[in-house]
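> Residues per chain are reported as follows:
2 protein chains.
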Amino acid sequence: MVKAIDEIRNELGGSDDAVSTDDEDLKAHGFSEWSSVNVDVLPVAVAYPRSTDQVSTIARICHKYKVPVIPYSGGSSLEGHTAAPFGGVSVDFAFMDRVLEVREADMDVTVQPGITWSDLNLELEKRGTGYFFPIDPAPSAKIGGMVATNCSGTNAVRYGTMRDWVINMTVVLADGSIIKTRRRPRKCSAGYNLNGLLVGSEGTLGIVTEATLKLAAIPEHFSVAVVPFPSLKGAVSAAAAVIRKGVPVAALELMDEEQMRIVNEGGATRPRVWKETSTLFFKFSGTEGTVLDNIETVKALVKPFGPDAFEFARDKKEQESLWSARKESLYSLLALRKEGQILWNTDVAVPLGALARVIEESKSEAKSLGLSVCVKGHVGDGNFHENITYSPRDPIEAANTEKAVKNMVKRALEAEGTCTGEHGIGYGKKKALSAEVGDGTLLVMKMLKKTLDPHWILNPGKIFDP
Amino acid sequence: MVKAIDEIRNELGGSDDAVSTDDEDLKAHGFSEWSSVNVDVLPVAVAYPRSTDQVSTIARICHKYKVPVIPYSGGSSLEGHTAAPFGGVSVDFAFMDRVLEVREADMDVTVQPGITWSDLNLELEKRGTGYFFPIDPAPSAKIGGMVATNCSGTNAVRYGTMRDWVINMTVVLADGSIIKTRRRPRKCSAGYNLNGLLVGSEGTLGIVTEATLKLAAIPEHFSVAVVPFPSLKGAVSAAAAVIRKGVPVAALELMDEEQMRIVNEGGATRPRVWKETSTLFFKFSGTEGTVLDNIETVKALVKPFGPDAFEFARDKKEQESLWSARKESLYSLLALRKEGQILWNTDVAVPLGALARVIEESKSEAKSLGLSVCVKGHVGDGNFHENITYSPRDPIEAANTEKAVKNMVKRALEAEGTCTGEHGIGYGKKKALSAEVGDGTLLVMKMLKKTLDPHWILNPGKIFDP
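Protein sequence lines, in the order shown, are assigned to chains A and B. The opening position of the first sequence corresponds to residue 1 in the working numbering, with each subsequent residue numbered one higher. The opening position of the second sequence corresponds to residue 1001 in the working numbering, with each subsequent residue numbered one higher.
Just to be clear, a hint being listed does not mean it is correct.
Computed from the model, here is a short list of chain A residues facing chain B with C-beta under 8 Å [claimed, not checked]: (1) THR181; (2) CYS188; (3) SER189; (4) ASN193; (5) THR297; (6) ALA349; (7) THR441.
Calculated from the model, a selection of chain B residues having no Cβ within reach of chain A, i.e. all distances over 10 Å [said to hold, decoys possible]: (8) ASP1106; (9) SER1152; (10) GLY1306; (11) GLU1311; (12) ALA1335; (13) ARG1337; (14) GLU1361; (15) PRO1395; (16) GLU1436; (17) PHE1464; (18) ASP1465.
List time: in silico BS3-like cross-link candidates among lysine-lysine, alpha-carbon distance up to 25 Å [as the list claims (entries may be wrong)]: (19) B/LYS1430 <-> A/LYS446; (20) A/LYS338 <-> A/LYS430; (21) A/LYS180 <-> B/LYS1180; (22) A/LYS450 <-> B/LYS1450; (23) B/LYS1064 <-> A/LYS446; (24) B/LYS1064 <-> A/LYS180; (25) B/LYS1180 <-> A/LYS430.
To be clear, the hints were calculated from the coordinates, so they are not data collected in a lab. Idealized CB from N, CA, C, for every residue including glycine.
Generate coordinates for the entire structure from the input sequences, incorporating the hints supplied.
This is how it looks when you write it as structure tokens:
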């Protein structure tokens, strides 16, 4: 490893800007406060490439010395994706964070992996394009990691997931060779869909150094409605009714009573105080006319489920603060932890018909184990998150947390769902993946891995083991 | 091959129902009137499996004897996908054409590969589900082939392509082993996206024997508008303006003056006679309110491009006949051929900003070569079709046709587009794919093929050669 690092440093120009072995830096890349899982090992170096060619150099050298390469962008992964269980080189895209080209006539943009989706949207706004990039995970998430996990977020119910927005990618393969997955058509049936395979492969098949993304038109008009329900089941059933009718809502989020309490406590929407019960958040967008029409449709559809109210954000500021309260609920949870507590935040997704039951049973088990739990969900997609705040030093609480999470995953799989709808497998859910897809399918995945990365150097220890 | 066929016949029950070597049957499977390309070789047998296990048996035996396996469903491929350039066994899914399960609460359906999308929709209607399957290529297309080519159709501008609607698949691999790509969540980030890799792989990586598909809610209200323009450029620019504003049209089709003449000549919409000029067809869907709103938005957006009119289909019947005139324009073209003529029908897709130019240049070249050409397009996706009717026995006309097609593809690639937006590579576009993606990317595709099909028995001669 030392030899490899020296060689990388030499080829990248010899400075500490290019390759760092600083302890703090290693820790910042190998350990994550966000993540449900962490390992004891750290990377031995952090490389900061400035071009596709430099990434290729890193891969070529690591391939020669069989040294692990761990791509790193926003670092907000929740399942230990950026951990370095076998040491190796963390490749941080901090200096590859530019918008390379915006093509307004084609509605697309080419970016480097180190830019956050929020900065990309600021740039598109600054340029007055009238477009935005609609995939919205945690605000600190960067394009590289978003590709890696096939992330989504609150907009997915309308706009789909990361996979749907990638037109092409420049990818450095395990041996350092550079490919481009395809040209720039928005629709394509030419040859194998390498975009589809690489998006969601968590840095284990190749390292993305550029991505061309589709853009969407910014809707003219928005509205946000907050609809509290007497029960979680009522809220989820109402959401399902809206989806089954195909109403083109812009977002449809569930927050349970505990999450609502956190929104109130966080104070982002003060002086307004929300009812602390299971609540649906609807976002509507389009022309003013279609927004009003969608609202009427949704009001009628949710009525049979007995909502306590149907309240609107009063202005743009309240819309934004409400939505940011949702987007930043994870930060709020982290901020509210007591000394020594950590957060286990994980997601599953199930067929729509099973959603209410799986959420209810999972939450009720966690509560009966005495855990501090809250649930929020992209319920339009059958996807929800369980957040448990616990003390890892309390062996009973730690064991109970693990039990609650495991059983939630088990319940999701029994309902024919998945152990992860948007966060990925990472280091934390390898056993769950194996249970989910079975030996034959896992073998096919491993064969693909072995073909593209024969020495298993790309983000080893993630998704599955050899 | 004879040994393999005997063994398959024995294991499948010994009757001619299961394996046919009838000359007419071989010809019906090896030659296609639809296709732009045909080969001189025919399959040596046609197998008619009735279950996934029987498909597995066929693959296992063919793997042992290294005999080609060519999956066959609707047979409406345009690029020679079902041809048997190396002989082998055509596997026809005629008896695997059932809807296995409809899950209304989950908005999904599990089907066998031999059902057409139109029959699936009839079945969903008969059951009163309120749902439909929105991917609409040629009406005779079946799910197996639709998966194989990642097809789309007129609804793609609203609903996306086949890839977006597949939840999971049961797949028989080259050696006969059976896998299921995943469970049944609508959204998933668990492990490699085998759906994404297999959809569009044209039967070269595995044989799909079951597919679970998402369903969409049938909109309440529809409207169809017909908007003729003085020029092709005006029509395409107007379409681009609508897309760039993000108006959620249900479909947006272009037909040129020649296609409009064929609609009139076909007589499906009589007594109405349409203006024979470049025309946009808009389909709107949603609630009555949103449809009206979308129509007003579109009217305002296309106005600067000087449309000759903005006419609506007068009733549901006229809506349907207009749309079916579009859907069946290929059948009309086939019917209008003179003795000895055949049809070259092929597609490309380009970034939106280049669409008008690539269509205009391609059409004008074909015309200057004296060819009988018409263009229609899924212009909202940057995707269009050029149809040339010609006599293969006239060597000059044949050479000119080939030249026009090749140059259209070249022009699409130069505009950073693709040689196929929805029909696939098949036998006919292998050189174009190689030019499109380049050696490095093609090598990755070949490595994946070699991994999953080491003897290269699955639909050999398609997409690329070893």
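> Next, verify each hint and record whether it holds.
Outcome of the hint check:
no., hint, result
1, THR181, "7 Å, holds"
2, CYS188, "5 Å, holds"
3, SER189, "5 Å, holds"
4, ASN193, "5 Å, holds"
5, THR297, "6 Å, holds"
6, ALA349, "4 Å, holds"
7, THR441, "5 Å, holds"
8, ASP1106, "4 Å, violated"
9, SER1152, "7 Å, violated"
10, GLY1306, "20 Å, holds"
11, GLU1311, "22 Å, holds"
12, ALA1335, "27 Å, holds"
13, ARG1337, "26 Å, holds"
14, GLU1361, "17 Å, holds"
15, PRO1395, "30 Å, holds"
16, GLU1436, "6 Å, violated"
17, PHE1464, "7 Å, violated"
18, ASP1465, "13 Å, holds"
19, B/LYS1430 <-> A/LYS446, "28 Å, violated"
20, A/LYS338 <-> A/LYS430, "30 Å, violated"
21, A/LYS180 <-> B/LYS1180, "29 Å, violated"
22, A/LYS450 <-> B/LYS1450, "12 Å, holds"
23, B/LYS1064 <-> A/LYS446, "23 Å, holds"
24, B/LYS1064 <-> A/LYS180, "36 Å, violated"
25, B/LYS1180 <-> A/LYS430, "18 Å, holds"
In the structure shown, a violation is registered for the earlier hints numbered 8, 9, 16, 17, 19, 20, 21, 24, in ascending order.
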